[in-house]
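S.K.: Residues per chain are reported as follows:
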Amino acid sequence: AQTVTQSQPEMSVQEAETVTLSCTYDTSESDYYLFWYKQPPSRQMILVIRQEAYKQQNATENRFSVNFQKAAKSFSLKISDSQLGDAAMYFCAYREWETSGSRLTFGEGTQLTVNP
Amino acid sequence: NAGVMQNPRHLVRRRGQEARLRCSPMKGHSHVYWYRQLPEEGLKFMVYLQKENIIDESGMPKERFSAEFPKEGPSILRIQQVVRGDSAAYFCASSPPRSYTDTQYFGPGTRLTVL
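So the sequence lines, in the order shown, correspond to chains A and B.
Residues in the first sequence are numbered from 994 upward in steps of one, following the working numbering.
Residues in the second sequence are numbered from 606 upward in steps of one, following the working numbering.
If you are wondering where the hints come from, they were derived from the structure by calculation, not from laboratory data.
What you are looking at is a predicted structure, and each value in this text was computed from that prediction instead of being measured.
Note that beta-carbon positions come from the ideal geometry of N, C-alpha and C, so glycine has one too.
Keep in mind that a hint or two might mislead.
With a straight-line cut-off of 27 angstroms between C-alpha atoms, the simulated DSSO-like cross-links for lysine-lysine are [claimed, not checked]: (1) A/K1066 <-> B/K649; (2) A/K1048 <-> A/K1063; (3) A/K1063 <-> B/K649; (4) B/K632 <-> A/K1071; (5) B/K656 <-> B/K676; (6) A/K1066 <-> A/K1048; (7) B/K656 <-> B/K667; (8) B/K632 <-> B/K667; (9) B/K649 <-> B/K667.
Covered, in the sense of this in silico footprint (three residues per stretch, anywhere, with C-beta under 8 angstroms from a C-beta of chain B), are these stretches of chain A [as the list claims (entries may be wrong)]: (10) 1014–1021; (11) 1025–1039.
Looking from chain A toward chain B, a few residues come up when the C-beta cut is under 8 angstroms (computed) [as the list claims (entries may be wrong)]: (12) K1063; (13) K1066; (14) F1084.
Turn these sequences into a full structure, and let the hints steer you where they fit.
M.R.: Given below as structure tokens:
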């Protein structure tokens, strides 16, 4: 079974600085998807970024980028120029590559605090 | 262009009562997933449905829990004879047909409290 591990229960960063959140996963598949979701205090799950495993290029969305190391099964999220609104719980998630949809497997989350 | 809708947002039940949670997927989406988030934990998969079909229910507790996604109307997650351990946030997500390329979009969740 696939597992996702986030080894940092809590992280903090100063406003305008950069922070990296770690995620590792375990799978025997060669094709899959990886995601980072953000859960602010409202508890709404918001997609931050996604990566297809077959793509060598790291995904980027504005201030958010990933460092995808397929051989190491590592998928870290870098937040640049941190803003107060980035404060939230961040979840890393894995999904198999299937033709008809597949469940997401989540890590336990990293609580990010942004200090003014 | 409404997103995934869930209601109610908050639900309080006494032990032994039934809880019904509703999820309306995004327009054009025919795949629905239910996840449960216990306090201080990540989300755990429960069930995956398409219209009138349960595709994967391997994450559902064997007793008291059921889910449906009828041809018309929202998807329903039903919990019979609730116990305190059922207190959690329940999230619904949806994705379009041919969803192997598509992301799951989440609703705001229903927070169930069992007294």
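S.K.: Starting from the hint list further up, note which numbers the structure goes against and sort them upward.
M.R.: Per hint list: 4, 8, 10, 12, 13 violated.
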